[in-house]
Amino acid sequence: MMKKVYINSVGSISSQKTFDNDEFLNDIINYHTTNISVVNPNYKEYLDAGSARRMAKGIKMGVVASKIAMDEAGVESVDAVITGTGMGCVIDSEKFVSRLIDNNEEYLTPTSFIQSTHNTVGGQIALGIQCKGYNFTYVHSSSSFESALIDAKLQLTLDEASTILVGGIDELGPHMIQVHGLIKHIKQEKTIDNLAILNSGTEGAVFSEGANFFVLSNGKENTCYAELVDVEILNTLSKERLEQQVRSFLNQNKMTINDVDVIVLGNNGDVSFDEYYSVLTNGLFKNTQHTAYKHLSGEFKTVSSFGFWLGAKMLKTQSIPQIVKLNDNAPKAIKNVLIYNQYRGENHTFVMLRTC
Amino acid sequence: MGASIAITGMGMLSAIGNNVQENYDSLVQGKTGISKISRLSTIHKDSIMVGEIPYTNSAMEAMLGLPKNHSFSRTSLLGSLAAKQAVASAGIRDISKYKTGLISASTVGGMDMTEQYYYDYLENETHRRFIKEHPLGDGTNKIAQQIGLNESLVTTISTACSSAANAIIMGSRLIKAGKLDRVIVGGTDCLSKFTINGFKTLMILSDTYNTPFDENRKGLNLGEAAAYIVLESDKIVKAENRKVLGYVKGYGNTNDAFHQTASSENGDGATAAMEKTLKVAGVNPSQVDYINAHGTATPNNDLSEGRAIIRVFGKKVPPFSSTKAFTGHTLAAAGGVEAIYSILALQNNTIFPNLNFKTQMKEFNITPETHLVEKELQMVLSNSLGFGGNCTSVLFSKEP
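So the sequences go chain by chain: A and B. Residue numbers in the first sequence follow the UniProt record's numbering, run continuously in steps of one, and reach 356 at the last position. Residue numbers in the second sequence follow the UniProt record's numbering, run continuously in steps of one, and reach 400 at the last position.
With the rest of the complex left out, here is chain B:
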């Protein structure tokens, strides 16, 4: 792939922790973040479960030191906290010392405020400052402002559930081409009534704990999260004597071109994305030590993705698991969350368990890893698949 893309910082909040360490601890202890919904009032509260972040908006406002009349949506609050963690963990003191960009992913943006004040805007002036906050790009600009990025390449990707993984691809390409020396990439999405009801109408929400790759899986649990990683060029790594956490070794994005919301039966798009990733990385399937699967626990996704994995890896499917049973499906943030989990797996030589798995799927004989496994890992593949046929794979490695 030419120049290497080093990962030098990580930051995140999810239902299983308010920073990277807390997330790791929960993964190792097998502690799920899925529960009944408490923060949002919805008529579906008894029929769904979610991955909620315990912080209230006011707690996060205080942490960020925002003025009273700020216009941050919950998505931007979460995103700002996670991006700041990532920048701090990379040891960046002067962000403008190198040419730096931000590529953030979101699907919800300021929808949490829009759905709250939709009619109120028409009657009252009080909350109208949130109108401008609705589009995704405005949230990303707020995150840029929070990490001190000015006159910089700042943009937003929205490709449904593969969004943050695609932000990693674009960021890697910008460094590879020498357009940027450093880029913060990832995604953020908060829970909203809009997404809860949207997925409800699609009838793919489980009424209990989600069970990825299980024969009796009933659908997904939505979650909220924000997760960012810092990518840096060889130049910075050398000049700043950085501790490198891992590398982006390869990536691939394809389109299933099958259906607006469903994946093709045999996972054509996912197969092509994984194959493209291995080709870009110049590695053989046998070199992949662990797959962090998309594994949303919907009947359609897990069958399609499982078949795609078999098509790519044949009889030698590496250990795989979905961590969605811990966090829920965090939509645009999922690719960022799972990028961090992939790097944690590499750093700690640990495969995280696929919780709640009981019954083997009858369509194939591959089985997810259900226990914490310690094993020397060199390369981890992470899949992200979304609406609009969007399929993405990213390969993370210990060595450049």
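Just chain A, with the same shape it has in the complex:
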């Protein structure tokens, strides 16, 4: 009765050149600032000129990343669209708030307000592909994307839907960058070597943006990247309780530590919170291949969708790019990949992927 769930395609717009699915981190870009943007695809290849000009950044990234994923899966529509976003369309929210204050609530126009709604990206994707099915948006900080995954997985397992588009999107706004710098959630360094941030030894993260979309299905297609085995989110978790929770996650999937071939970690170079990952790399997964990605993508609330992309790509290509390796314990074959992420000690997520 319970059906398996497969990742049949991917679409990624990130700070690296990831929109071309034929490549896998071949050319790496290094950045030297503490807030970074994405490598833009040629949006006009995917959108009409009017839309490409009119659409807010987050909407554009989301719509195009979803198109890349749908093209690869060879589907024109899906049964449901489920998105995760930690902040929603912040650029338009900031525009509306600042105009509201600056003009004392006068001379406002609706455009920014309409685009500021958190489910705008999900709504715009549905509108574009005329998907009249289920449409949800999760907005829960660093577990927004995984919340969307849980929802999709439940529907596909129970056969309530057969093909679902799932994605994580976040954009950066100027005010957001300013204020998160003030509270030191963004690193204070004037210039920084992003490829080396995981060993920075300083507080805060490098903020960025991006969109990663996936076509999930309970039918396995030729394009299949991986099987989505399980997803779990936890609002709180102490370092002392972390290993216990990992063990129970493995147990509920009838797996042991030795079944995990690669672990994808959410290290972002924040010395105050990366210790969570050290608990696992020095403990349970001491002898496992460790990988990390935020020195390539930066940090944003749905950046774990980039970690998900990385896990899926490694399983499909059966290769681990040198740039993501934190140690040298490469397995002969990659069968199971565990992805673990948290942001500032909250909203912990575990995702298990398996070769398909």
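Just so you know, nobody snuck in bad clues.
Simulated DEER-style distance windows between Cβ atoms: (1) A:Thr111 with B:Pro299: 19 to 25 Å; (2) B:His259 with A:Ser98: 22 to 28 Å; (3) A:Gly181 with B:Ala59: 30 to 36 Å; (4) A:Arg241 with B:Ala59: 33 to 39 Å; (5) A:Ser98 with B:Ser41: 15 to 21 Å; (6) A:Gly74 with B:Asn349: 49 to 55 Å; (7) B:Ala59 with A:Ala52: 46 to 52 Å; (8) B:Ala59 with A:Asn42: 53 to 59 Å; (9) B:Gly314 with A:Gly74: 39 to 45 Å; (10) B:Lys68 with A:Lys332: 56 to 62 Å; (11) A:Thr111 with B:Lys238: 49 to 55 Å; (12) A:Asp20 with B:Glu22: 57 to 63 Å; (13) B:Ser38 with A:Asp20: 53 to 59 Å.
Everything labelled a hint here was simulated from the structure, so no lab data went into it. In this text, all values refer to a predicted model and were calculated from it rather than measured experimentally. Even glycine gets a Cβ: it sits at the ideal position worked out from N, Cα and C.
We have chain A already, so just place chain B on it with the hints.
Leaving out everything else, chain B in the frame of chain A:
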């Protein structure tokens, strides 16, 4: 639908009451919560009316026993109080005894603080603790903390005005699949200048009392509210000998895929959501005894929703009413508020009136219930429709 989803607790604050009983009393007495705005300073104060909750933030801080330097937005204060009421009313003493989750809905989140300190943050350190409170998820985590939920599935849904109804759907599905034994679901949104001005620019705010399904309706009144219900599995109901208030019998979510803010003329999305709900529940349209409509009193919504109701129920449209004339449109919380009103309707066999209705709409001949009606009710359908084409229906029943 397989395993049944029991509703065992409810908690809420709205413009017509600070708890479920007060809300019920106002509904029965036909007492509206709509008034001129008093708590927020806005240049629109003379041209709009709202559904405000009388509590000040400091009153709520005291009720929750928060320290002086806390970082709760008004949305989180309201949400915490309502969620605590819900947990208490279900008789939950040890929340971690069963696998429990929280799914909260919001659209505003910490925007009330952001709009207040937007530039102040840059100059002064005093209020910077609220920066982290801006995203919706941080507010939900605070509510989780207030009800003692740790190492749990806690998440937030934001699908505009259908958000809390969607939280009910996701919660029901998690119990149905055995992922959780218990889940607190609902939503919270406070009034903010951001939403007042946003809806103002869309020109859908009424300058007087909102009049759902009336020919001369002039738009909506915004309101603030927080409302949560406790969903529990058969296992808990049996083990704890729970008093069940009602059941989530079916649900449906669809997308209109028509326009970012407007509903399609014939309510395609709303029609599909109601049909899907009845199908999931395995019931016929004739078994629905009352519809608590979305009925925001905007020209577009009421026409589109009314047509959708006719498409689903044909010549036999059950009694329906919108309770927005009592509370105003409470955005993400609306689906939670109206879920509780639907359950109160079932418990008391009472249909609540659609206040302020005078003139029949000319596009169709269905008329909302304008008086309090006592009638045996078995099933109540609740609609929630939102921006982004989001359409949701939830069916509540007396029996599993």
